[in-house]
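Let's have the full structure, built from the sequences with the hints guiding it.
Going line by line, the protein sequences match chains G and S.
Note that this note's numbering has the first sequence beginning at 1, numbered continuously upward.
Note that this note's numbering has the second sequence beginning at 1, numbered continuously upward.
Bear in mind the hints are in silico, worked out from the structure with no lab data behind them.
Please note that the accuracy of each hint is not assured.
Label-pair restraints from in silico Cβ distances [as the list claims (entries may be wrong)]:
| id | chain 1 | residue 1 | chain 2 | residue 2 | range |
| --- | --- | --- | --- | --- | --- |
| 1 | S | S290 | G | K372 | 54 to 64 angstroms |
| 2 | G | A354 | S | E98 | 51 to 61 angstroms |
| 3 | G | G357 | S | K353 | 12 to 22 angstroms |
| 4 | S | A354 | G | D352 | 10 to 20 angstroms |
| 5 | S | K356 | G | G70 | 36 to 46 angstroms |
| 6 | G | T326 | S | P186 | 55 to 65 angstroms |
| 7 | G | A354 | S | Q69 | 31 to 41 angstroms |
| 8 | S | A354 | G | E98 | 24 to 34 angstroms |
Values in this document were obtained by computation on a predicted structure and should not be read as measured data.
Positions of the beta carbon are idealized from the N, C-alpha and C atoms, including for glycine.
Number of protein chains: 2
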Amino acid sequence: MDSKSRSSTCIAPINIAVIKYWGKSDEEQIIPLNDSISITLDTDYMYTKTTATISPEFTEDSIVLNNEQGSGDGVRFQNCLSEIRKLAALSKHASTIEKSTWKVAIVSENNFPTKAGLASSASGYACLVYTLAQLFELESHKSELSALARIGSGSACRSLFGGFVRWFHDSQPCIARPIAEAEHWPELHCLVAVVSNSSKSVGSTEGMKRSVETSKLLEHRIKHVVRDRIEEMKMAILEKNFEKFAEITMRDSNQFHAICLDTYPPLFYMNSTSQAIIQLVHRYNQIRKSVKVAYTFDAGPNAVLFLEQAEMSRFASVFYSFFGSTPHDQFFRGKVPNVTDAMEDAASLVPDKALKGQVQYTIVCNVGQGPKTIDPTG
Amino acid sequence: MDSKSRSSTCIAPINIAVIKYWGKSDEEQIIPLNDSISITLDTDYMYTKTTATISPEFTEDSIVLNNEQGSGDGVRFQNCLSEIRKLAALSKHASTIEKSTWKVAIVSENNFPTKAGLASSASGYACLVYTLAQLFELESHKSELSALARIGSGSACRSLFGGFVRWFHDSQPCIARPIAEAEHWPELHCLVAVVSNSSKSVGSTEGMKRSVETSKLLEHRIKHVVRDRIEEMKMAILEKNFEKFAEITMRDSNQFHAICLDTYPPLFYMNSTSQAIIQLVHRYNQIRKSVKVAYTFDAGPNAVLFLEQAEMSRFASVFYSFFGSTPHDQFFRGKVPNVTDAMEDAASLVPDKALKGQVQYTIVCNVGQGPKTIDPTG
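Take a look at the structure:
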């Protein structure tokens with residue numbers, strides 16, 4: 001490669017919305033109809049890794065996604081690239097202005113199964129934008145980068161920040177900003193349950209469009225429910241009030257799926273395993289006489305559970321007794337919890353044999369940081 | 001039995017709401033928060049049969065339900081009895097006034113499995129009230145009887161009428177009245193799919209109470225959605241506009257279940273089989289390039305499908321190819337449709353092997369008449 005080419009490798013986290021984004025006011029610019037709040041998960045186990053190279057020798061933009069050659073002319077990818085070049089062209093630095101005209105080669109991969117239904121486009125576009133920003137020396141333009149990631153995939157704008165993040169639907173530009181850093185609530189942990197046999201369903205871009213067009217309840221949610229919830233959720237996070245945080249999280253997940261069901265034809269993202277997980281969480285909380293665990297589901301059947309560190313071993317043991325069909329160090333990945341025989345809780349929470357194997361595996365992690373540059377050889 | 005005793009045997013139909021009732025403004029009087037519209041199904045296959053006997057010799061009220069002795073002191077049963085006695089006591093006929101003080105013996109049974117989740121309390125209380133009305137010579141008090149049945153079980157007030165029935169939430173008294181007779185739309189047929197392995201869930205009395213208390217969307221549904229739908233549905237019925245009727249029916253069923261999901265903790269009445277039926281109906285309509293079939297689900301996983309007679313054989317054949325695991329004359333009961341090999345439609349609607357057996361059986365019937373007296377020996 002010629003001496004003028006530059007390369008950078010970065011990783012970016014996934015984020016999980018606890019107040020859901022569902023519905024756009026502008027399809028092309030990806031402006032959401034309501035604010036949302038998300039939690040960034042640590043990159044110890046799940047992340048997108050992107051290597052970007054720019055060179056005056058390249059004749060076209062190219063992209064390799066998860067080892068598959070893409071043409072580089074996807075609309076969203078090109079929109080993203082074109083906007084970041086515009087930003088670079090406005091730079092005070094001659095070198096950045098020069099580089100803004102070079103073509104790029106992108107190699108990007110997720111270290112978690114894309115098909116598992118985890119939000120790979122959020123970490124993917126956040127990583128793309130962040131990596132290109134390193135090459136164009138635009139790292140300091142945090143807000144603009146969030147807006148650029150948004151054009152690639154709405155929720156990607158939240159993955160540019162660590163910790164607890166709010167995406168504003170009416171800010172100029174439309175961007176996300178942190179509510180609190182990851183270190184604010186270190187006790188908060190996350191258990192991602194990857195559900196087996198998830199079938200294909202309507203993609204979220206098409207799904208939310210259909211909801212906006214047909215649901216008679218969505219507008220009410222946006223205008224009269226989410227606004228208060230955003231403020232309550234922000235307070236719950238700032239106060240580290242787990243019970244309040246958990247209840248709002250569960251209610252908002254359920255309402256999002258209610259909107260999907262009120263869509264015509266209806267959208268089903270949760271399946272019978274998702275239902276079983278919801279019911280287990282409510283029964284567990286009932287037995288614990290306090291809200292100890294919260295669930296949330298995006299546009300797919302996988303559950304994301306939040307709980308504090310002190311509850312992890314106890315809950316993980318019960319969860320494993322219901323769903324585990326592999327040795328516990330295979331069933332749990334990431335920060336593998338200590339698992340006991342869960343007899344005490346299982347006495348009143350009788351596992352249904354039919355549920356064994358319905359959760360393929362789980363990933364246990366912390367709240368984490370935003371994107372970062374890594375050593376490409378590492 | 002002494003010569004003064006009187007006995008009457010009647011049957012009453014079940015009814016299926018196409019605009020759903022969910023939520024009360026008065027728990028004791030069972031006043032609904034919104035109007036609903038239902039269709040009364042014929043009693044050729046499904047009905048409640050009740051024999052009531054009154055006698056001055058009886059020392060207490062008694063009831064036998066589906067061959068199980070009840071104590072006769074259930075609150076709703078006693079409320080119903082007490083109100084009908086009040087009505088009888090106001091009669092101009094000395095004989096009715098006298099009989100209003102006699103105790104009653106009730107024997108009631110459903111000829112369809114109660115556990116199948118079909119609305120047995122609606123036909124049950126409609127039949128109880130109608131049968132007692134024969135004995136007390138109150139048959140002509142149609143409105144009062146509808147109100148009396150309502151006190152037993154809300155939707156029972158609709159089963160006192162045949163055809164297409166509207167229950168008014170703000171009439172005085174709170175009663176149902178017909179929109180159109182059964183003969184108005186003889187082409188309209190109904191296929192009830194009894195889903196296998198339906199698990200226990202929260203009862204509808206408790207469920208709707210929880211929705212009223214916790215759902216952030218229910219009030220909007222009641223105030224801003226149902227009102228228009230009631231008028232649209234009434235017009236669709238009067239015009240026999242199947243497509244319009246079908247779309248409103250499906251949208252309202254979905255919205256009712258969306259409210260259940262927005263309830264906290266959420267209520268799940270549909271299961272994966274229900275979802276599969278919904279998806280099949282939408283795909284079938286898509287292929288037929290017109291809305292030929294509608295689904296609706298009450299507080300349970302069983303599907304009630306509406307379609308016109310001309311479509312029955314074609315749809316039944318496809319439905320059977322997906323769900324049938326017994327010979328077709330066992331799978332279909334009631335007005336057994338002609339079943340072909342469904343190859344034409346099945347080419348683009350590939351049955352999923354896993355669905356076989358998930359529907360236990362189906363009942364095919366017409367729109368039918370209200371309660372009637374029958375020969376008890378028949």
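Cross-check of the supplied hints:
Checked against the hint of 54 to 64 angstroms, the C-beta distance between S290 of chain S and K372 of chain G comes to roughly 55 angstroms, which is consistent with it. For A354 of chain G paired with E98 of chain S, a C-beta distance near 59 angstroms keeps the hint of 51 to 61 angstroms intact. As the Cβ distance of G357 of chain G to K353 of chain S is approximately 19 angstroms, the hint placing it in 12 to 22 angstroms holds. For A354 of chain S and D352 of chain G, the hinted distance range of 10 to 20 angstroms is satisfied, since their beta carbons lie about 19 angstroms from each other.
A beta carbon spacing of about 40 angstroms between K356 of chain S and G70 of chain G agrees with the range 36 to 46 angstroms that was offered as a hint. The hinted range of 55 to 65 angstroms is satisfied by T326 of chain G and P186 of chain S, whose Cβ atoms lie roughly 58 angstroms apart. Restraint check, A354 of chain G to Q69 of chain S: a C-beta distance of roughly 35 angstroms satisfies the suggested window 31 to 41 angstroms. Taken as a hint, the range 24 to 34 angstroms is violated for the pair A354 of chain S and E98 of chain G, whose Cβ atoms sit roughly 59 angstroms apart.
Hint compliance for this structure: hint 8 is the single one not met.
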